[in-house]
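If you're matching them up, the sequences are chains A and B in order.
The numbers in this note's numbering rise by one with no breaks, and the one at position 72 of the first sequence is 72.
The numbers in this note's numbering rise by one with no breaks, and the one at position 144 of the second sequence is 144.
Hints were generated in silico from the structure; no laboratory data involved.
All of these numbers come straight from a predicted model, not from anything done at the bench.
All the pointers check out, no bait thrown in.
Put simply, identical chains are the same to the list, so a pair is met inside one copy or across any two.
Straight-line Cα separation of at most 35 Å, DSBU-like style, residue types lysine-lysine; simulated pairs:
| # | residue 1 | residue 2 |
| --- | --- | --- |
| 1 | K198 | K78 |
| 2 | K272 | K299 |
| 3 | K70 | K198 |
| 4 | K272 | K303 |
| 5 | K251 | K198 |
| 6 | K251 | K338 |
| 7 | K251 | K66 |
| 8 | K78 | K338 |
| 9 | K303 | K5 |
| 10 | K298 | K251 |
| 11 | K78 | K251 |
| 12 | K338 | K12 |
| 13 | K251 | K272 |
| 14 | K299 | K78 |
| 15 | K198 | K66 |
| 16 | K4 | K295 |
| 17 | K66 | K295 |
There are 2 protein chains.
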Amino acid sequence: MAQKKIGEQTVKFDNPPSIIGTATIVGPKEGEGPLKDYFDLVLQDDLWGEESWEKCETKLQQEAIKMALKNAQLIESKVEYLFAGDLLNQITASSYSARQFDIPFFGLYGACSTMSESLSLGAMILDGGYAENVVCATSSHFSTAERQYRFPLEHGNQRPLTSQWTVTGAGASVLSSYGMGPYITHVTTGKVIDPGIKDANNMGPAMAPAAADVIVAHFNDTGFTPEDYDLIITGDLASIGKSIAEELIAKEGYDISNIFSDCGIEIFDPKKQDTHAGGSGCGCSAVVFNGYIFKNLKKQSLKRVLLVSTGALLSPTSVQQGESIPGIAHAVSISTIKE
Amino acid sequence: MAQKKIGEQTVKFDNPPSIIGTATIVGPKEGEGPLKDYFDLVLQDDLWGEESWEKCETKLQQEAIKMALKNAQLIESKVEYLFAGDLLNQITASSYSARQFDIPFFGLYGACSTMSESLSLGAMILDGGYAENVVCATSSHFSTAERQYRFPLEHGNQRPLTSQWTVTGAGASVLSSYGMGPYITHVTTGKVIDPGIKDANNMGPAMAPAAADVIVAHFNDTGFTPEDYDLIITGDLASIGKSIAEELIAKEGYDISNIFSDCGIEIFDPKKQDTHAGGSGCGCSAVVFNGYIFKNLKKQSLKRVLLVSTGALLSPTSVQQGESIPGIAHAVSISTIKE
Numbered sequence: 001m002a003q004k005k006i007g008e009q010t011v012k013f014d015n016p017p018s019i020i021g022t023a024t025i026v027g028p029k030e031g032e033g034p035l036k037d038y039f040d041l042v043l044q045d046d047l048w049g050e051e052s053w054e055k056c057e058t059k060l061q062q063e064a065i066k067m068a069l070k071n072a073q074l075i076e077s078k079v080e081y082l083f084a085g086d087l088l089n090q091i092t093a094s095s096y097s098a099r100q101f102d103i104p105f106f107g108l109y110g111a112c113s114t115m116s117e118s119l120s121l122g123a124m125i126l127d128g129g130y131a132e133n134v135v136c137a138t139s140s141h142f143s144t145a146e147r148q149y150r151f152p153l154e155h156g157n158q159r160p161l162t163s164q165w166t167v168t169g170a171g172a173s174v175l176s177s178y179g180m181g182p183y184i185t186h187v188t189t190g191k192v193i194d195p196g197i198k199d200a201n202n203m204g205p206a207m208a209p210a211a212a213d214v215i216v217a218h219f220n221d222t223g224f225t226p227e228d229y230d231l232i233i234t235g236d237l238a239s240i241g242k243s244i245a246e247e248l249i250a251k252e253g254y255d256i257s258n259i260f261s262d263c264g265i266e267i268f269d270p271k272k273q274d275t276h277a278g279g280s281g282c283g284c285s286a287v288v289f290n291g292y293i294f295k296n297l298k299k300q301s302l303k304r305v306l307l308v309s310t311g312a313l314l315s316p317t318s319v320q321q322g323e324s325i326p327g328i329a330h331a332v333s334i335s336t337i338k339e
Numbered sequence: 001m002a003q004k005k006i007g008e009q010t011v012k013f014d015n016p017p018s019i020i021g022t023a024t025i026v027g028p029k030e031g032e033g034p035l036k037d038y039f040d041l042v043l044q045d046d047l048w049g050e051e052s053w054e055k056c057e058t059k060l061q062q063e064a065i066k067m068a069l070k071n072a073q074l075i076e077s078k079v080e081y082l083f084a085g086d087l088l089n090q091i092t093a094s095s096y097s098a099r100q101f102d103i104p105f106f107g108l109y110g111a112c113s114t115m116s117e118s119l120s121l122g123a124m125i126l127d128g129g130y131a132e133n134v135v136c137a138t139s140s141h142f143s144t145a146e147r148q149y150r151f152p153l154e155h156g157n158q159r160p161l162t163s164q165w166t167v168t169g170a171g172a173s174v175l176s177s178y179g180m181g182p183y184i185t186h187v188t189t190g191k192v193i194d195p196g197i198k199d200a201n202n203m204g205p206a207m208a209p210a211a212a213d214v215i216v217a218h219f220n221d222t223g224f225t226p227e228d229y230d231l232i233i234t235g236d237l238a239s240i241g242k243s244i245a246e247e248l249i250a251k252e253g254y255d256i257s258n259i260f261s262d263c264g265i266e267i268f269d270p271k272k273q274d275t276h277a278g279g280s281g282c283g284c285s286a287v288v289f290n291g292y293i294f295k296n297l298k299k300q301s302l303k304r305v306l307l308v309s310t311g312a313l314l315s316p317t318s319v320q321q322g323e324s325i326p327g328i329a330h331a332v333s334i335s336t337i338k339e
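Next up, chain A with everything else stripped away, as it sits in the complex (with noise of 0.2 Å):
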């Protein structure tokens, strides 16, 4: 049997798999940031005609995996598998959109590092000959997760400045055994660390530790350097936990400094949209992701990329219980070429 797997932690496809298609759909409020001009669709309001902000957010990921399928050119009948979760309890975002297709679906929980979970296990399911045609996606909703994780949106509770402001967004990834790029060549899968932090409103210092282990292990599998990247992006770890993955990069020997961006800091303008530390949510990096980052690597203007979508495993419950915030991170190496 081929061993595929490069040092530790890491995957190097034979065969790597070709994104053919992308969507992103967003909020308002995303809407007005900084990437606006990269999303597919900007929401009017965060309900969409629906009834709840929870069916919304199941609209959102339906609606982006129908686009990205547009996108891809490609019908429905032709996906063999489709992986996605969200925040939600019992990721029922993604459980009440995978109802509308008839697609066999593999629920993921990996709290905001979704995007790259998935982008990870679909581009196994293709290189290992499983499928031709896999979905990855995500999607988060500021109004389904302020109140279910912190307070109700009623009690107009002031929010610190180490909080983030979860993106209402879904992201779709149409992955392929055939296209022309861009191509995922590597996955490094990331394990749980826990720093210890306990406080639910300042998740960026929970999950550095996790996003820069994983990109060390990245390095130290496949030998890439810093300087083979155009950017290294982690999922939202924002302003206060970037700067805290950089220093524990560095004592490894890596200066990302150059190359180094997080989702959640690219996503809103914090000065003028009240936003604090940055964005958060699954939905961070699947709509920088699938609009921004997908965009200029089809133009070229980014050659190889490492996308390292980052999750905080906790629950209000684990967190009312006195438990510690576990992180999470997985790195996926997105180029032009089929190297």
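Based on these hints, arrange chain B on the given structure of chain A.
Okay, now just chain B, sitting in the frame of chain A:
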């Protein structure tokens, strides 16, 4: 590239992964049921020295993984991926369990279908050449599930006769590219199917169509008939759901009545144990599979089994918002020979 897909939804493995070790830990009630002699450890109480039921569930999963590795005579550093999920909000039993291990982690959510979801993905990752050893695990706990999905236990609510009893237990399987079997030979991945049922105390019928659909797809894709199996066992359809599934499958031309059972029916004695329609929870098919079924496969008293863990994809919020309950099921074919 090898095309390993057969039919619409099934993968047939070139190098069927071997299940080289399993472990099961159950609560006191499960330890008094008909399958009590097949479990590795029966707890004396439902806290196991922890401060909360949720922390007990984390410990259940974590100790089941350690015990499965011991039973497989494998050290942790040889395991390349851990696939796990559970019913708790944000799958904290799995994430906090995974925190204890230095193993790359993929979090899953498939409700009570998680055991066969994890075995499906784990087997594909092994057969695809991405790993030599993976662990698949899941858990549930009666008391964490009751208070999360239904009422505080102190409320002492009356349970309708259609309701099921969430199993307190965890099961883990170690899969390997090497080993003497039993082997996972095929996986058939299910779709989300919603029969429109809105009663969260009657989940068997909500899952039965998904179970029937994936079993029929398995027969159609593989050419197997009911005669090829010693046992076809669903996850937790329990008494009401099982009879519906059997009828739906018969309508498609397959009479499985002689070899059809359900983990939720096998695990408790409903008359003596007051469990109404039967057992449920991720832990239900996990402990029946990793205990009773695995041990019977090892001693060849079962030769070919189709495990079909079943999940009801509701959340308390989706039910409160008037949504119906979609179901999902994944089928995993396990044989004593590597055919």
